Every structure is written in C-alpha cells, then in structure tokens.
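Take 1 as the starting number for the sequence shown in full-length UniProt numbering and just add one per residue.
No lab work stands behind these hints, which were simulated from the structure alone. Wrong hints could be hidden among the right ones.
Ranges between beta-carbon positions, derived for each pair [said to hold, decoys possible]:
| hint | residue 1 | residue 2 | range |
| --- | --- | --- | --- |
| 1 | Q32 | C8 | 40 to 50 angstroms |
| 2 | P6 | T73 | 37 to 47 angstroms |
| 3 | Q28 | I72 | 33 to 43 angstroms |
| 4 | L2 | A30 | 32 to 42 angstroms |
| 5 | W37 | P6 | 18 to 28 angstroms |
| 6 | G9 | D35 | 38 to 48 angstroms |
This one's a predicted model, so the numbers in the text were calculated from it and none came from an experiment. Note that the Cβ used here is the ideal one computed from N, Cα and C, for glycine as well.
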Amino acid sequence: MLITCPYCGPRDVIEFTYQGDGNRERPQPASQNLDAWNAYVYDRLNPAGDHNEIWQHSGGCRAHLRVVRNTITHEVLRTAFARGGHRTEGRS
C-alpha cells in the first residue's frame with residue numbers, strides 16, 4: 001500500500017504509523033463525564049468502505065496526515081495534512 005505524503009511524495013506504508021480514527025472527537029480535557037471518556041477510549045466502529053484515518057509519516061518527515069482509505073480494498077483515496085495546509089488529491 002502506498003500513501004502519498006504532501007512533503008515527501010508516494011511512500012510505502014512501512015514508513016507510516018497508524019494513529020487512529022479520524023472521525024472521533026476528544027472530550028474537553030477538564031471534562032469529568034466518564035461516559036464520554038469511556039466512549040472516546042474504548043468504543044470503536046469497524047466500517048466497511050471509505051474511512052477517515054490519522055497517520056504519521058514516522059519514517060520520513062514526521063508529519064501527521066489525514067488519510068481517506070477504503071477498508072475493503074486498502075486503496076488510499078486522499079491525503080492531507082492533519083492540521084490544514086496542502087492537500088493531495090487522488091490515488092496515493
């Protein structure tokens with residue numbers, strides 16, 4: 001599987017580290033809502049199809065990326081920096 005890093009270009013998946021689901025929202029740090037924290041830490045969806053994920057280019061520029069990947073075919077559809085900036089469209 002290839003992931004296109006906006007800085008480094010197409011790279012093998014071995015250079016990247018999966019950081020988690022890109023759709024989840026973290027509760028406020030001061031929140032004492034145990035149900036919200038429990039859901040954030042333990043509840044996981046297992047979607048089939050296109051899925052938003054966060055990856056880090058740990059073997060390269062170390063940037064955090066927002067990746068849209070099809071969980072059935074493992075095709076990477078889009079990549080972008082996790083905190084805005086340049087976007088790479090199309091197959092990676």
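Task: Earlier hints that do not hold, by number - done: Of the numbered hints, 2 and 5 do not hold.
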